[in-house]
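Chain A is fixed; fit chain F onto it per the hints.
Each chain, written out:
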Amino acid sequence: MAITLNDTLGVKRDIKHYDFGMPFWEATKQKKLVIQYCKTAKKYQHFPRPVSIFTGRRRDIEWREVSGKGTVFSFTIAHRGPPAFQGAEPYAIASVTLDVGVNVIADVVNCTAEELKVGMKVKPYWLPLANGEHLLMWQPDKDAV
Amino acid sequence: MSLRDNAIVAYSETKVMKKSDRDVWVLAGEILESLLDKTGFEKKEIDALVMSGLTGTGGASMFWAQSTCDMLGLEVGFCEQVHTGGCSAIGAVARAAAAIDAGMCEVALCLFADTHVREHNGRNDRNYRRDWTEPYGLLGPPGAFGLLQRRYDAKYGVDLRALGKLAVTQRNHAIMNENACEELRVPITVEDYLNSRMIADPIRLLDCVMLADGAAGVIVTSRKRAKEKGLTKCVIPMGYAERTNFLGGENLVDVTRSGHEIAGKKALAAAGLNIKDVRSFHPYDDFLIAIVIQFEALGFCKPGDGMAFVRDTDLSYKGTLPMNTGGGQISAGQAACSSHNLIETVRQLMGEAGQRQVKDTANALVTGIGWINYGRNWGSSAALALVPNQ
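Protein chains in written order, with this note's numbering: chain A, 1 to 145; chain F, 146 to 535.
For reference, chain A alone in the conformation it holds in the complex (with noise of 0.2 Å):
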């Protein structure tokens, strides 16, 4: 049975955001990713918090820049959405384990439904949002072996 995935670059979207999770919005402007990570643990933590998920401290936090290469741990494909995305299902949303260790979720695009699978590797796409910022997408990593 095959789906056409359908994208939501059309769906307006008025985020409203966290001021410990700044940093990343901020750098989305450039359409880079940062990553909150632990200086202690030295591991990286998404989504963002006030502490260190691993220390439970605020000052073992810094942001890093990553590569946003990942691989698709999971996938849900959308046959309903919420009212704001009404009209665009069916459209495929991803849980990316990054190459940093850390599941980021966003919608998938430039991906057909036969494409999708899980372990499929992925790179960000960056949709415009009227604020300055982007948000963070996902889609084929043709490049990737």
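Keep in mind the hints are simulated off the structure, nothing from the lab.
Relax, there's no trap hidden among the hints.
To give a feel for the contact side, a few chain A residues facing chain F, derived at Cβ under 8 Å:
(1) T8
(2) H17
(3) Q45
(4) F75
(5) I93
(6) T97
(7) G101
(8) A106
(9) D107
Glycine included, every Cβ here is placed at the ideal spot set by N, Cα and C.
The following block gives chain F in isolation, referenced to the frame of chain A:
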């Protein structure tokens, strides 16, 4: 003093309704009246109200339990609202027992009333969703369980016919349960499950719970007080445990594992039971895959063997491991703050389940699942082991 020094002396529930025809406090009043009638307690003897915070009608109110005391004319020494999502019903029993043990109260009404279809007063959850999933159109629980089930499939393989068997087994139980939502009391087949429309592929319509309205409640008191009152037919909570944010201090976790690994082990150990001793099982069911993951996490079978376990086990009320004999939430309706499986467990252990009565009422295990966290499985896991009064 411990959990097992307490007893559930009565239960009550309304019929599950697709949409309530009466106010949430009318339903609450019906539960109160029924529990007073069943136990012989006077209203003034009830000195604790423990409510579930999992309510669309009352959830947005900061004063829900207090307002309900006021509406019902209850004067209490312990007033509590439990906020562990779908763990709140069994969590309420444990908290009521703990408060009784601590000397804060003696007779607790655990009340689960919600009319979230008739009157949803909104919610204003503050969590990761506004930044990290809502911009992507990930539809609440079905989306999260879509990600979870696909990962389970990649790791172990999903047998859709096994999931279909769970759907059919629960539906057959709901048909025997006159309190189940009437619209759901129609037979289904495995093919109906397989052909039901996709919501969040791989999650189909018949994987999901349907929101419905209703109310339920139990009275918890000390065994001593129960005995004084002549309430010999009662159910004893033997072991309870809960786990919130399982592996929350790790960045990349195996989503097929759940906090039931810990909660189940602790609850069973407290009850002096081995998982193989469990005579009927009433797992929290918001999605069918959650039942499979619980079979594994609780130790009914090894991780990855859940689908085979479902295939090889008669889970009907007359089977070797009766499961969700009231239909579960998926076939009875997700109502009454998700307390349905607890009420059914108490009913079974009191031997009052009529045509769907299980033969072996030596004990039962009921579980909870609460909230959805980011890219994992669920936020809280709970387990409660119960036995009838000896």
